[in-house]
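Produce the complete structure using the sequences and hints provided.
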Amino acid sequence: MSDNKRPAPAGGATQGDKRAKHQNQKGKQGGKKQWRTPKQAREGHTLPPAIEAGDSGIWATCELHKEAKCVGELKDLFYRYAEELYGEELDKMRKQTPATESTAIVGDAEAADEPQASAASKEDDLAMDIEAEIAAEVNDMRKPTTDPLFTNVKVEVQCVSFIRHICADLLADPTKRRTRYLKRLTPMTMMGKATETGLDTIAKAVLAPHFHDEGVYAIRPSSRNHDKPLDRDYVIKTIADMVGKKHTVDLNKPDLVILVEVYTNVCGMSVVPGADFERMKRYNIAEIGAPPVDKSKKAEE
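Position 180 (the sequence shown) corresponds to 179 in numbering that gives the first Met the number 0; numbering is contiguous.
Keep in mind that the hints were calculated from the coordinates and are not lab data. Treat the hints with care, since some could be wrong.
[Stated by the list, open to error] With a cut-off of at most 27 Å between alpha-carbon atoms, the simulated DSS-like pairs for lysine-lysine come out as follows: (1) Lys65 <-> Lys182; (2) Lys74 <-> Lys94; (3) Lys252 <-> Lys192; (4) Lys252 <-> Lys236; (5) Lys74 <-> Lys175; (6) Lys182 <-> Lys252; (7) Lys203 <-> Lys68; (8) Lys192 <-> Lys203; (9) Lys227 <-> Lys203; (10) Lys192 <-> Lys182; (11) Lys74 <-> Lys244; (12) Lys68 <-> Lys280; (13) Lys182 <-> Lys91; (14) Lys91 <-> Lys65; (15) Lys65 <-> Lys244; (16) Lys203 <-> Lys65; (17) Lys236 <-> Lys280; (18) Lys74 <-> Lys91; (19) Lys203 <-> Lys74; (20) Lys236 <-> Lys68; (21) Lys245 <-> Lys203; (22) Lys74 <-> Lys192; (23) Lys203 <-> Lys252; (24) Lys252 <-> Lys280; (25) Lys175 <-> Lys280; (26) Lys236 <-> Lys175; (27) Lys203 <-> Lys175.
What follows is the structure in structure tokens.
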């Protein structure tokens with residue numbers, strides 16, 4: 000039989016060599032994701048923000064695939080109310096924060112003092128000054144002088160007072176709604192790990208300021224992408240045992256509502272006034288800001 004194999008290229012590289020080289024270059028260019036550890040973060044690598052035990056904040060839900068737009072809406076909304084509710088405190092924080100220094104490129108001082116400087120030279124210096132001012136302004140925009148008040152944490156799904164102000168304004172005037180994709184806001188007085196120990200720690204800290212005298216309460220647990228150990232029955236029983244038997248349960252007209260949110264490995268809890276919780280549509284911003292439905296037209300249809 001005759002040898003029908005094709006001769007190797009002049010450089011000696013085969014097709015397999017080229018394929019291996021291509022895969023190697025792809026790997027070097029970031030074809031595979033690299034894990035980042037806290038040690039790497041301290042050495043200059045940035046890690047995305049994450050929920051830590053003991054944190055407080057606000058959980059938000061929105062329309063599917065509108066997460067990024069909802070984050071922008073929330074930041075605008077929260078900053079507006081932060082200025083309205085805590086304007087004096089924010090001014091003090093800004094004054095205590097040192098301003099960033101900016102440097103500008105200017106023309107030669109000695110040349111500027113020379114009486115025989117040409118008109119073209121002066122125009123060049125003026126252009127350099129303008130470019131330096133623009134560069135300084137852009138630099139200030141890219142490097143804010145203060146840390147951001149709010150940071151969004153993607154979980155792949157005095158907070159109570161803050162949300163109540165937002166909902167109260169919407170109830171008084173629905174035209175003040177400034178969001179399109181946001182659905183519900185849920186205050187989280189404290190958050191921790193979604194474990195039995197984590198729930199116990201959070202419950203003791205959150206419930207203690209509210210349950211002293213006799214009263215009526217309700218528990219509203221919500222769970223997403225989590226089955227065990229914090230299933231619905233376990234959460235209700237654990238919290239009810241901590242509240243005590245001298246407090247009665249009424250799901251229709253409670254004085255206080257205990258909100259419990261569990262998502263994957265994170266859980267959070269808060270206590271809100273029962274009357275406000277129902278009147279404010281359980282903090283459903285989309286429902287509060289929705290136009291009223293004409294019942295007469297609906298009946299005719």
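Hint check results:
1. Lys65 <-> Lys182: Given pair lysine 65, lysine 182 holds - Cα atoms ~11 Å apart, limit 27 Å.
2. Lys74 <-> Lys94: Holds - the C-alpha atoms of lysine 94 and lysine 74 are around 22 Å apart, at most 27 Å.
3. Lys252 <-> Lys192: violated (31 Å)
4. Lys252 <-> Lys236: holds (20 Å)
5. Lys74 <-> Lys175: The hint holds at about 16 Å.
6. Lys182 <-> Lys252: holds (24 Å)
7. Lys203 <-> Lys68: Answer violated: lysine 203 to lysine 68 is near 36 Å, above 27 Å.
8. Lys192 <-> Lys203: holds (14 Å)
9. Lys227 <-> Lys203: holds (21 Å)
10. Lys192 <-> Lys182: Holds, at roughly 25 Å.
11. Lys74 <-> Lys244: violated (42 Å)
12. Lys68 <-> Lys280: Satisfied, since the Cα-Cα distance of roughly 23 Å is no more than 27 Å.
13. Lys182 <-> Lys91: violated (33 Å)
14. Lys91 <-> Lys65: violated (35 Å)
15. Lys65 <-> Lys244: violated (44 Å)
16. Lys203 <-> Lys65: Given pair lysine 203, lysine 65 is violated - Cα atoms ~36 Å apart, limit 27 Å.
17. Lys236 <-> Lys280: Satisfied, since the Cα-Cα distance of roughly 26 Å is no more than 27 Å.
18. Lys74 <-> Lys91: With a Cα-Cα distance of about 21 Å, the restraint between lysine 74 and lysine 91 holds, given a limit of 27 Å.
19. Lys203 <-> Lys74: Violated, because 31 Å separates the two Cα atoms, which is more than 27 Å.
20. Lys236 <-> Lys68: violated (38 Å)
21. Lys245 <-> Lys203: Distance of about 17 Å is within 27 Å: holds.
22. Lys74 <-> Lys192: Holds, at roughly 26 Å.
23. Lys203 <-> Lys252: holds (24 Å)
24. Lys252 <-> Lys280: holds (14 Å)
25. Lys175 <-> Lys280: Given pair lysine 175, lysine 280 holds - Cα atoms ~16 Å apart, limit 27 Å.
26. Lys236 <-> Lys175: The given pair, whose Cα atoms are some 40 Å apart, is violated under the 27 Å limit.
27. Lys203 <-> Lys175: Measuring from Cα to Cα gives roughly 37 Å; hence the hint is violated.
The structure shown violates the earlier hints numbered 3, 7, 11, 13, 14, 15, 16, 19, 20, 26 and 27.
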